[in-house]
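K.L.:
Residue numbers (this note's numbering), protein chains in the order written: chain R, 1 to 191; chain C, 1001 to 1153.
These are computed hints drawn from the structure, not numbers from a lab.
Bear in mind that the values here come from a model prediction, so they are computed numbers and not experimental data.
Take the hints with a grain of salt, since some may be wrong.
As the list claims (entries may be wrong) - Listed next, with one range per pair, are the computed distances between beta-carbon atoms:
1. 72(R) - 1152(C): 45 to 55 Å
2. 1018(C) - 110(R): 44 to 54 Å
3. 49(R) - 1127(C): 36 to 46 Å
4. 72(R) - 1062(C): 29 to 39 Å
5. 1067(C) - 104(R): 31 to 41 Å
6. 1053(C) - 72(R): 16 to 26 Å
7. 47(R) - 1033(C): 48 to 58 Å
8. 59(R) - 1132(C): 48 to 58 Å
9. 57(R) - 1113(C): 45 to 55 Å
10. 144(R) - 1149(C): 18 to 28 Å
11. 76(R) - 1070(C): 19 to 29 Å
12. 8(R) - 1152(C): 43 to 53 Å
The C-beta atom is built at its ideal place from N, Cα and C for all residues, glycine as well.
So you can see what is in the structure, the chains are spelled out below.
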Amino acid sequence: MAGLDPKFRINLEKVTVLIVDGNKPGVDILRQLFSGFGVRTLIRAETGAEARQIASEQEVNLVVCNDLLPDMTGYEFIRWLRRSRIEPNAFTPVILTSGHTKRSMVNEARDTGANFVIAKPISTKVLLERVVFVAREARPFLESGDYLGPDRRFHDKGPPQTGGRRRGDPAPEVVAEPAPDEDVEVKRAGA
Amino acid sequence: MSVVKFIPYTNRLAKLMKLPGGKRVEEALADADANLKEIEGPCLQVLDELIARIRGLAETPQPTLDDLDEIYARSNEIIGLGGVFGMRDLSAAAYSLCELIDRTRERGGPDRQALAVHVDSLRLLRLGGALEEAERAKMLDGLANVVRRVAAG
């Protein structure tokens, strides 16, 4: 994955980040990292229930959720968020953090609706690259069977690139509907 | 044929990040690393407590499934802590311990020897510079072999 240009400017001052993690040292690490990145508003939820309440009551622009929570899995919370229809939070980029993933949870992790999974230990550089990537990515949001979340396919675009938008690329905040695959029927929301 | 419904949305994060101001990537990374330094001491203390807790549970005559679940949980915490403060091998050993328990829990957990060698490795790797890189790599290879052997039954 191409690294970020060191001279590239990022602005996270107005971004509200929700950290969902029951583990205090883990939260402390994320808080220090995001604070260094320039985030001024960090909200911590220790449990999935607390995170649901926060997501229901206020807008958050980025969610960083651990896979293990005291009262539910991080996967359950993310799935709930995606299906909550709470706008705009249901579409908020979610980064799932994970230490060891139990074999029984691998499929659930894939289908949860997170934009990205970051394996622990978290590296400062990787976290910032992923944040910038989820802000720039143009993967469509889709609902298919039990799944609701960003398109899980990166097609032939390769791993996330963070080297800057080209002049001809669409604006990152506008997510266009892609050309449908031949074997799927495509509907827009409300159709 | 599966039905796929595309849902248009606005990426608010992208909009906010385009506002004027902020800092350069190099500054953001340096500031974040400096912030991490501030909490290194307390985090390393937690790390030592986690290893001590795992050792205590692993050395009980017959660890129960609840004990194994706690060892798994504490070891998972070590994965997230060690590498952030320069001890990636410690995180790797903790990952191996989680894998060992995950692969053997259904049949009551790993044998005592497999558990003990992981706990000893955690303690040694916590010492960091006391071991050469090649020794640490050999230790991790050994742990991987233990997990493979034990998982194969």
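K.L.:
State for each hint whether it applies.
P.N.:
Okay, the hints, checked on the actual structure:
At about 33 Å, the beta-carbon gap between residue 72(R) and residue 1152(C) misses the expected band of 45 to 55 Å. At roughly 31 Å, the beta-carbon separation of residue 1018(C) and residue 110(R) lies outside the given 44 to 54 Å, and the hint is violated. Between residue 49(R) and residue 1127(C) the Cβ separation comes to about 40 Å, which falls inside the hinted range of 36 to 46 Å. Separated by about 31 Å at the C-beta atoms, residue 72(R) and residue 1062(C) satisfy the suggested range of 29 to 39 Å.
Distance hint check for residue 1067(C) and residue 104(R): the Cβ-Cβ separation is about 20 Å, which falls outside the suggested range of 31 to 41 Å. In this structure, residue 1053(C) and residue 72(R) meet the distance hint of 16 to 26 Å, their C-beta atoms being roughly 24 Å apart. For residue 47(R) and residue 1033(C), the hinted distance range of 48 to 58 Å is not satisfied, since their beta carbons lie about 30 Å from each other. Take residue 59(R) and residue 1132(C): their Cβ atoms lie about 51 Å apart, and the range 48 to 58 Å holds.
Range check, residue 57(R) to residue 1113(C): about 52 Å between beta-carbon atoms, so the 45 to 55 Å window is met. Separation of residue 144(R) from residue 1149(C) is about 41 Å and departs from the stated range, judged on CB atoms against 18 to 28 Å. Range check, residue 76(R) to residue 1070(C): about 22 Å between beta-carbon atoms, so the 19 to 29 Å window is met. The given range of 43 to 53 Å is respected by residue 8(R) and residue 1152(C), whose C-beta atoms sit roughly 48 Å from each other.
Of the numbered hints stated above, those contradicted by the structure are hints 1, 2, 5, 7, 10, listed in ascending order.
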